[in-house]
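K.L.:
Counted the way this note's numbering counts, the sequence shown spans residues 30 to 543.
Heads up, some of the hints might be wrong.
To be verified - SDA-like cross-link-like pairs, simulated, lysine to any residue; straight-line CA separation at most 20 Å: (1) Lys373 x Ala349; (2) Lys466 x Trp443; (3) Lys466 x Glu511; (4) Lys373 x Pro342; (5) Lys180 x Asn154; (6) Lys212 x Leu147.
Stated by the list, open to error - Just the calculated beta-carbon pair ranges, DEER-fashion: (7) Leu92 x Val258: 35 to 41 Å; (8) Ala524 x Phe421: 39 to 45 Å; (9) Lys180 x Val261: 32 to 38 Å; (10) Asn88 x Asp158: 28 to 34 Å; (11) Gly183 x Leu318: 54 to 60 Å; (12) Thr84 x Val261: 23 to 29 Å; (13) Gly330 x Val258: 52 to 58 Å; (14) Ile62 x Val261: 20 to 26 Å; (15) Asp158 x Thr125: 23 to 29 Å.
In case anyone wonders, no lab produced these hints; they're calculated from the structure.
Built from N, CA and C at the ideal position, the CB exists for glycine as well.
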Amino acid sequence: MFQWQSLKTRVTLLTLAVFVIGIWSLSLYGRWILRADLTRRLGEQQLSTARIVATAINNQLDLRFQALHEAAKVLAPFMRKGASLQSEFAQQTALTLLFNGGAVVLDPAGTTIADLPLSAGRMGNNYIDKEWNRVVLKEAKSTIGEPIIGKALGMPIFTMAVPIRDARGKVIGALSGVVNLGKPNFLDVIPNGNYGVTGGFQLVAPQYRLIVTASDKHRIMEQLAARGVSPVLDRSLEGSESTDFFVNARGIEVLASSSVIPVSGWHVVVSLPTGEAFAPIRELQRRILLITLLLTFLAGGLTWWILRRQLSPLTDAATALTRFSNSEQPLGALPVARQDEVGKLIEGFNGLLETLKQREQALRDGEARFRKLTELSSDWYWEQDRELRLSFLSSGFARHSGTSSANRLGKRRWEEPNRFPLNGTWEEHRAVLEAHKPFRDFEYVRIGDDGKQTFGSLSGEPMFDAAGQFNGYRGIGRNITEEKRALHAQQEHVALIEKSAEQDRLLRLFYDLP
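All chains, full assembly: derive it from the sequences and hints.
P.N.:
Listed below in structure tokens is the structure:
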């Protein structure tokens, strides 16, 4: 049904190739456009979500710093009063509501001198080795400490600390609130569920390259890749707001948007795996693939059917020509089914066929005349092949030589016995032939078995093909026996007259006659 040599097959395959390439090029271009547009829209949506969460967390942190500052003012007069400090500290119930890990009061040396609740067991502990403690006590700045595993609680925590000042503004201690990340806390404003189906939220401390908390609780206190490992991650942590693609610690490519929390400098990150983000594009591409396959088969079948219908006159013409070539019947005009391009082609072929038939008839007529001429003439037509062997002799040769031409075919002239050149030698004649030069009136005599002499004259010219290659000789042979005999008789008569004249002259001299 499908043959590689078939025009229908090749046009069908070419049409399908163009169709498939066009569809897939459009699909890839559409995918690129959709991916860029979806990336922009998802990035805007994620960034908007991250801003909302960052604003909520920033407000909560600001609220807690305000509470700590207010409590620090209340506790400042009691810093050197021991039990009175603890008693007054216990009255700051707002701190227990705002900090689920409690709060502590530190002296200038960083040692806990008041604890809330007292049952937390942090009295007397020294935290001067913590960076946040040194910032508060030495630099008199409010700060948020690095998330760590707390000594007393044994859970991930971070602290918010403010300096306690006396009436002259001198730092006389520090008040620190503790947020226990292992229990419900204000950071639970970050949803516990997923963003989308498999995405999520993370609160990242870029100063420490650490995930403070996340909607996936298993990622709390997860250490991010070191600086230089992921340029995209480095750029995101150093900026204020961004949306980028990068591969997370689990080796999953995600689209992540981040927004900064001004109070802490932390980032709220909303991430969505690209596998989920671009699932609609993949689904669309899958549907395009199915539709493309369906349309490919449909277009291929329709194209093949149309071509088969349109080219059927050509197929019928080819079948008719094959039938003519395989039979003895004469060529006839091919049927013209439609007056379209194919019909015009067949009409042109029919015209050419008629012209060829006329030329063929003219050739046959000419050949018949030539054959009749050679049969009636005493001359004969001859041909030699490239090896200078006789390949054709007309019937006149048999009348000339008295032998069948079949006895001479395949032989060279100088290989024939009892034949002798009269105006040259065989070597000279052979040199002319091998040089592919024409020759005229090369005469020879043939002596038959009965001693009878037959004279002939040959003229010939070389034949060349379209490429200019030597293709043999052709020419005419004439029987000149009668001419030679007449010439010989004439010569004998002249000789006799001359002899008689000489005798007459001698007699006159002998008898002294005038």
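K.L.:
Would you mind marking each hint as holding or not holding in the structure?
P.N.:
Going through the hints against the structure:
A hinted pair counts as satisfied when its Cα atoms are at most 20 Å apart, and Lys373 with Ala349 qualifies at roughly 17 Å. A threshold of 20 Å between alpha carbons decides the hint, and for Lys466 with Trp443 the separation of about 17 Å falls inside it, so the pair holds. With a C-alpha separation of about 29 Å, the suggested pair Lys466 and Glu511 falls outside the 20 Å cut-off, and the hint is violated. A distance of roughly 11 Å separates the Cα atoms of Lys373 and Pro342; the hinted pair therefore holds under the 20 Å criterion.
Restraint check: the Cα-Cα separation between Lys180 and Asn154 comes to about 9 Å, which is no more than 20 Å; the hinted pair holds. Taking the CA atoms of Lys212 and Leu147, the gap is near 19 Å; set against the 20 Å cutoff, the hint holds. With their beta carbons about 36 Å apart, Leu92 and Val258 fall inside the hinted range of 35 to 41 Å. For Ala524 and Phe421, the Cβ-Cβ distance of about 42 Å falls inside the hinted range of 39 to 45 Å, so the restraint holds.
Checking the proposed 32 to 38 Å range against Lys180 and Val261 shows it holds: the Cβ atoms sit about 36 Å from each other. For Asn88 and Asp158, the hinted distance range of 28 to 34 Å is satisfied, since their beta carbons lie about 31 Å from each other. Separated by about 55 Å at the C-beta atoms, Gly183 and Leu318 satisfy the suggested range of 54 to 60 Å. The hinted range of 23 to 29 Å is satisfied by Thr84 and Val261, whose Cβ atoms lie roughly 25 Å apart.
Taking the beta carbon of each, Gly330 and Val258 are about 55 Å apart, inside 52 to 58 Å as hinted. Between Ile62 and Val261 the Cβ separation comes to about 23 Å, which falls inside the hinted range of 20 to 26 Å. At about 26 Å, the CB distance of Asp158 to Thr125 agrees with the hint of 23 to 29 Å.
Hint compliance for this structure: hint 3 alone is broken.
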